[in-house]
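**Q** Protein sequence lines, in the order shown, are assigned to chains Y and D.
Residue numbering for the first sequence follows this note's numbering, beginning at 1 and increasing consecutively.
Residue numbering for the second sequence follows this note's numbering, beginning at 1 and increasing consecutively.
These are calculated hints, taken from the structure and not from any lab test.
Where is the CB? At the ideal position from N, CA and C, for every residue including glycine.
Hints are not guaranteed to be accurate.
[Said to hold, decoys possible] Computed cross-link-like contacts, DSSO-like style, restricted to lysine-lysine with a CA-CA straight-line distance of at most 27 Å:
id, chain 1, residue 1, chain 2, residue 2
1, D, Lys10, Y, Lys154
2, Y, Lys17, D, Lys41
3, D, Lys41, Y, Lys21
[To be verified] Computed Cβ-Cβ distance ranges for the label pairs, DEER-style:
id, chain 1, residue 1, chain 2, residue 2, range
4, D, Met27, Y, Lys40, 49 to 55 Å
5, D, Leu23, Y, Glu117, 39 to 45 Å
6, Y, Val96, D, Asn36, 48 to 54 Å
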Amino acid sequence: MITGEQKPFEEIWNMVKDFKKVLVFGCNTCVAICHAGGGKEAEILASLLRMRAAEEGAAIEINHAAVERHCEPEFFQPVMENIRTYDLILSTACGVGVNLLSENIGDIPVFPAINTEFFGAVPRAGEFTELCAGCGNCILHLTGGICPIARCSKSLLNGPCGGTNNGNCEVSPDIKCAWVLIYDRMKKLNKLDLMKEINEAKDWSKAQGPRNFKVKVLEEIKK
Amino acid sequence: MEHVKSLLTKVGIDPERLEMFNLSAAMGPRWAEMCNEFTEKIRRLGPSPIWMATCSPKKNIKE
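So that you can see chain D by itself, here it is in the shape it has in the complex:
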């Protein structure tokens, strides 16, 4: 995980955007909790620079 995070940093992507969670298949409620937490975290961080770069021309056209 640390290695992949360092690779993401190299290309200018916040390593916080990647996380690994360990849990068993029987931990449904915890799974949902993690999904919500991580979704919130990503929302807070905003759109990824790659998404912004690849989508911005289209956006401009719409605007």
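One chain only, chain Y, in its complex shape:
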């Protein structure tokens, strides 16, 4: 899922303070799981902004709403007429949601209230970790299901490097060395011979944006 963290409150306040009618618009999917931008967080943020506006004596009407997803138009289309009555949409969705809503809403600005970070796993409630970088050219079958692109600080295709330190990365003791994890995993799978093979340079063109694709089957059905 997509993870994100709410921007510092001052930064958000500076974005909204010059507008008259603001909607804090939440997304109830990924960013709700990481307690950054769901309907509940949108409601809290709207409340904090109203308090700040009262303190500053700023006459801003601030409301909140949320839909299930901002990354598919069918979810926000039903409320479009209503949200077009605002001067500013402060979106707590990920960057994808902000982009798509901006494209669809017309001449109303859509600002981001959260910093979109990575797509990650939720090993325990409230903990998020990046396991895949979405590089567009998967090599997990060669690395024991552990991604060195996302999990090695240098994204090394052939590791470990000299900075591996008792199973941790030299960058931080909180980061496990991905190549030690790969080695341990390969050993368990009895595939250590794969470690000796040199992985050739990756085709990074697939990792660069703008990227898009169409599902062929659906395209054929449309025809």
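Knowing the structure of chain Y, use the given hints to seat chain D on it.
**A** Below, chain D alone, put in the same frame as chain Y:
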């Protein structure tokens, strides 16, 4: 509670203005005690900045 207190701090409200007490429905006297203590505490802290901001124009008119 810590999270809500941190949110209040963000908007410039003293987190001391918020407190949570746990007690059973059978603890009437303790309930009254807590109410008195907290009321005293809030009186000591003075009016909230939000109340001051929203009421000050009216006050000025009266004055």
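**Q** Assess, step by step, whether the Cα of Lys41(D) is no farther than 27 Å from the Cα of Lys21(Y), and give holds or violated.
**A** 36 Å, violated
**Q** Verify the proposed pairing of Lys17(Y) with Lys41(D), using a straight-line Cα cut of 27 Å.
**A** 33 Å, violated
**Q** Measure nothing beyond the straight line between the CA atoms of Lys10(D) and Lys154(Y); if it is 27 Å or shorter, mark the hint as holding.
**A** With a Cα-Cα distance of about 37 Å, the restraint between Lys10(D) and Lys154(Y) is violated, given a limit of 27 Å.
**Q** Is it true that the C-beta distance of Val96(Y) to Asn36(D) lies inside 48 to 54 Å, as the hint says?
**A** 53 Å, holds
**Q** Does 39 to 45 Å hold as the CB distance between Leu23(D) and Glu117(Y), or does it fail?
**A** Because 41 Å falls inside the window, the suggested range holds.
**Q** Just to be sure I understand the hint, the distance between the Cβ atoms of Met27(D) and Lys40(Y) should be within 49 to 55 Å; is that true here?
**A** 31 Å, violated
The structure fails to meet hints 1, 2, 3, 4 from the earlier list, while all remaining hints are met.
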